[in-house]
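Asks: If you want the building blocks of each chain, they are given just below.
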Amino acid sequence: MVTRAKSKEPIIKVRGLTAGFGDKIILKDLDLDVMPGEVLGVVGASGTGKSVLLRSIIGLVPHAKGKIEVFGIDMDDPKQNIRNEVERRWGILFQHGALFSSLTVKENVQVPMREYFPHMEEDLLDELARLKISLAGLPDDACDKFPSELSGGMIKRAGIARALALDPEILFLDEPTSGLDPISAGEFDALIRNLQQTLGLTVFMVTHDLDSLATICDAIAVVGDKHVLVRGTLSDMLAFDHPWVKAYFGGPRARGIETQPRKQDKAG
Amino acid sequence: MTAFDLDLNNGQATLKLAGRLDMDAAESLDKELDALPEQLAGKKSVIFDFSKVDRLEPNCAFLLLESAKKLREQKVDVKFADLTPDQETLLKSLGGKDLPPPSPPPEKTFSLVGGARKVGETAIDIWHDALEIISFFGDVAISFAHIFRSPEKIRVLSTVTQIDRAGLNAVPIICLMSFLIGGIIAQQGAFQLRKFGADLYVVNMVGILVLRELGVLLAAIMFAGRSGSAYTAEIGSMKMREEIDAMRVIGLDPVEVLAVPRLVALVIALPLVTILSNLSALAGGMLVCWAYVGIPPDVFITYIETTKDITSHMFIGLVKAPFMAIIIGVIACVEGLRVGGSTESLGRQTTTSVVKSIFMVIVIDGIFATIFTALDL
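Respectively, the protein sequence lines represent chains S and W.
All residue numbers for the first sequence refer to the working numbering, where the first residue is 0 and numbers rise by one.
All residue numbers for the second sequence refer to the working numbering, where the first residue is 827 and numbers rise by one.
All the given hints hold, so there is nothing to weed out.
To give a feel for the contact side, a few chain S residues facing chain W, derived at Cβ under 8 Å:
| id | residue |
| --- | --- |
| 1 | Ser101 |
| 2 | Lys105 |
| 3 | Met119 |
| 4 | Leu123 |
| 5 | Arg129 |
| 6 | Asp139 |
| 7 | Leu198 |
Calculated pairs, DSBU-like style, for lysine-lysine (alpha carbon to alpha carbon, straight line, at most 30 Å):
| id | chain 1 | residue 1 | chain 2 | residue 2 |
| --- | --- | --- | --- | --- |
| 8 | W | Lys857 | W | Lys870 |
| 9 | W | Lys878 | W | Lys896 |
| 10 | W | Lys918 | S | Lys144 |
| 11 | S | Lys64 | S | Lys27 |
| 12 | W | Lys918 | S | Lys7 |
| 13 | S | Lys144 | W | Lys895 |
Bear in mind the hints are in silico, worked out from the structure with no lab data behind them.
All C-beta atoms in this analysis are idealised placements derived from N, C-alpha and C, irrespective of residue type, glycine included.
Working from the sequences, and respecting the hints, build out all of it.
Replies: Structure below.
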């Protein structure tokens, strides 16, 4: 998607989203736009509904009220084939990888391809899967390994490879750097940035990692009090007056993010 | 659908790509690119023209790059023309990629040597299995020794819960099953014995068969299916989530915490449930005898009571129960602890656990049959 639309129309548009479990409302009247080609980092205290937001957008959590549009298509549209069309154009990396444990990494990457292109030749499937695995930065011998034989970082990379299988336009990442050491997390951030730039992706990332926010996110949205408190750049966050936002971006763990130079768009 | 036109006019081959080069186009593009070297027929250069491309996705970009690489190896000059900056970035980033080598072809699935090897491997597996189960028996024995030395270590609550789950909750289904089987045996027995005018002996037959073999077998098989599979799945998923490792690190012995209460529960519950299973099978037999042969219940009971050695038959049945309980519990725990990282192994181990325990229950029954015959009981 290298011919990325430069229009101002948001690629994901959430309006008045209310979602929760049973009587417990987690998100209420939430509005959020994601613009094409941006890396949006969604932050918030644990339990504020970041993951519920992500899961509502991708349709895993039903929402009580509100409208979610992806690529300008209303996701409440009942027609399954329209939903499938949209699902083909996004890729999702779950927090723990969610690789199918009985399949090898390569077979995992091929699952979406086989589902949508059942008649594709084995050679082509194999070649494309290997391309994705190498794009995700996995070592050569990872292709035929099972998920249980991979380290945490490699599982995330394999998850990315699977998410990229169908050349998605949007990549959803649920806490991509959680559980990784700072160096691996940094490398993973660089990978995401690099993929986003070369493949022209839009990235929707739920994260806790201040370094990720500082280095790869174009925009940050803070979820709190059941809606989006603020959406903007890192400097907007630092200027925003809300106790949680102040504590998060001004806390001891955030020291240094201001002085850190933001990796500029010249990777790849 | 063709993804491109090949223009061979003016002495210059131009590959005019058009439209959306996305995943939908990948298959046909791949096929057409495979045929490209032939179509070029000796031309020394080709231009890939991107001017009409609306959209270029990584998969197709990669296929074009691969094709260009192959052509260059055949000394054909390939140029990419009219690229947008974004397309250029994409091609550049993909161009430098070295793919991991293809996986080695899978081993031949059928061959004589392979078959023989499989037999050998299975034999070794069975041997290891046996060793593992014996070693687990040892672990359990050690845990019991610990518990005897310090009886406060016995996990009463956990044991009682397990008795409730494995024993009490299994009562209705086991009773129903035994009731039906008892009835069926009585009906078939009466029908066959009637040919010899020996209908009345159906009572003795049902009594001996049920008390000595069937009651305990039915209960044990149901235990293996119900509790054995549950134990394997529980312990297996605990193993998968590293809970077992956590226990070890904290200083808890998984055998003592998980296996002993379950084993004790099975050993207590199975004989008790066997008694109920016996009673319901007899009740089933009694009902059928009443309806089918015309033996009233009080006569049925008197006949049962006066059957020769009926109490020893009953005890032989009951004596087997704790041994069957132990083997069911041990196999379930061993298989549970064998679960590896994948969900598939959880399913496999659970199946293995049930199959093995049922098999072992029958083997034990056979062993007891020989022993008791030798002892003339």
